[in-house]
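Novice: Protein chains in written order, with the working numbering: chain A, 1 to 213; chain B, 214 to 641.
Because the hints were derived from the structure by calculation, they are not lab data. Note that CB positions come from ideal geometry on N, CA and C, so glycine has one too. Misleading hints may appear alongside valid ones.
As the list claims (entries may be wrong) - Residues from chain B shown here face chain A by an in silico Cβ test under 8 Å; the list is partial:
id: 1; residue: Lys479
id: 2; residue: Glu545
id: 3; residue: Gln564
The primary structure of each chain is shown beneath.
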Amino acid sequence: MNGINMFDHLEQFGLRIARLGVWCGGAMMIVAAFIIGTEVVLRKLFLITLGGADEMANYALAISTVWALSFALLQRAHIRVDVIYAHLPKPVSALLDILSLVSLLIFAGTLSWYGVGVWQTSWDFGATANTPLATPLWIPQGLWVMGLIGFSFTVLLLLSRSLQALLGRDFDKINEIAGTITIDEELKEELEAVERAEKVHLKNTRDSKVEVA
Amino acid sequence: MLVSTLGVLMGLLALAIPVAATLALLALVLNYSYSFMPLHMAIGEIAWSTSTEFLLVAIPLFVLLGELLLRTGIAERMYRSMSYWLTWLPGGLMHCNVGASALFAATSGSSVATAATIGTLAEPQIKAQKYNERLFLGTLASGGTLGILIPPSINIIIYGALTDTSIPDLYMAGILPGLALAGLFMLTVLIACLLRRDWDGEKVSVSWSTRMNGLVDLLPPFFIFFVVIGSIYLGWATPTESAALGVIAALALAAGYKRLNVTMLKEAVEGAMRTTAMIMLIIIAAYFLNFVLSGIGLTSQLTEFITSLGLSSFETLLAVILFYVVLGFFMETLTLMITTVPIIAPLIIAQGYDPVWFGILLMLLIETALVTPPIGLNLYVVQGIRKGGPINDVIIGSIPFVIAMFVMIGFLIAFPDIAMYLPEAMRD
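Excised from the complex, chain A in its bound form:
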């Protein structure tokens, strides 16, 4: 039982880190939006070119994407074609879930390995971006590689947990960790957001009516 707790603790911990990564990445994108927007306005209205906004936004994209990979995995957001999968008995689909994680691990591992290579090259040669900012590339690439490695570890963690569940023949658990997300589950979140917005709106209209009355 201790083992199970350890993995579940790790998963909880991983989710917290992943969420933090998503927020940071999202904040980066919002900041990038403001920098890009400012640059457009300055360029159009005052004919001033700051330069560098696009480069910063590019780094923000690379970094925020990989930092969000683990979160997407933990929320089972990566697309899988489940035409056949959905009709399989649980033990078989559980095996496919594990196979999925293995294949993701190969992809993530290869990406991380050669990603580190990219970073290493920049570091060794002190490479800078071919732009006015001349950003030392090891900085954004380092943050990027960290995200890739983090993603690989998340895949590894889920794989270990699934294999453990497989030993205990706990197929439901495997599905819960690595199964495809059903459209219902996916929709629920989006619909809840719409409903919340609607509720607030109704409340506001009611409030304003009360004021008028």
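Guided by the hints, dock chain B onto chain A, whose structure is given.
Specialist: Below, chain B without anything else, positioned relative to chain A:
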């Protein structure tokens, strides 16, 4: 080589291996089996250069724009206001479903988001105003597909990135076909309800003052549309820059409606980054796969194979359309696009078709894929909104609109100017 590649691809997808991993594994296998050079070593460089492409920055920004708008509540105001104007027509609110979808599509880059948003607002009215349930659901599922045709559109950005086609041109090219298709949907509803009066709902009388007062609620979506698309049309901003302006405008709107707070931002960001990570991982894998495919000469082998068939350019086009219609039944659309476009688009362009025009044709084909069973995402989205009832209702209700889509595809082939007029006007 061609057959085994397709076999591995279909096999891995059928085993429900995540699409991104499927593409990467396929690339690794092909590299191992057919390449004399260690192409896999380039994966790091490819991933880095793909992830730092300025054009692709538009993807998280447009997704974020959608997530923010979803939470500002402009959609329900817009829907209500539009219903005041359209409810007197035979077909009533069903016209409103199409119109509201088209207008929402003009602020959102996703078909699913469009169908989910408008669907949630409209669905309760089926019972309340006694509409024919199937046709009503059909307008929601099909109206939602306008999201990828009317700019901004995330799918168009992906197409543009994969084929090196100008996104501003593509965006302008999508506007008229998008409006025409919305018009065809409305015509479909009109004809259906004139033939079968009982499919129509109860009429609600609306005073002119209510109509006029409601107009103000149509302004926010138009505002977003003009910021995003207007800035591209005037040449003030690139697509990515316009997406950034759109995000700022959406934040301002949210603040104006007093919806802007930390919780809302966190939710929007989580949703947006999750989608972005998912899309970007597939794109990175696809770029790597394309690199390997051309490295081992498979792309040229395929082109030679097609040329050897000796089809005329029009026959090739029909074959490609058939290919997408058939695959559209079974494949999720993002996957379908990313796996096929790098190979199919060059074939079609080599036959003398305009890449912008083909991009729009492809969007129409993807729209049909979104509402054809068994795998039609919008069908499931609309079904998910209902409280019970068989999914066949949604599928059958969508059939008239699928026909309308094919009519539109026919129009686009017969009159390419429907798509090409605005991009050419923009350049002048």
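Novice: Now, for every hint given, state plainly whether the structure supports it.
Specialist: Verification of the supplied hints:
{"no.": "1", "hint": "Lys479", "verdict": "holds (6 Å)"}
{"no.": "2", "hint": "Glu545", "verdict": "holds (6 Å)"}
{"no.": "3", "hint": "Gln564", "verdict": "violated (30 Å)"}
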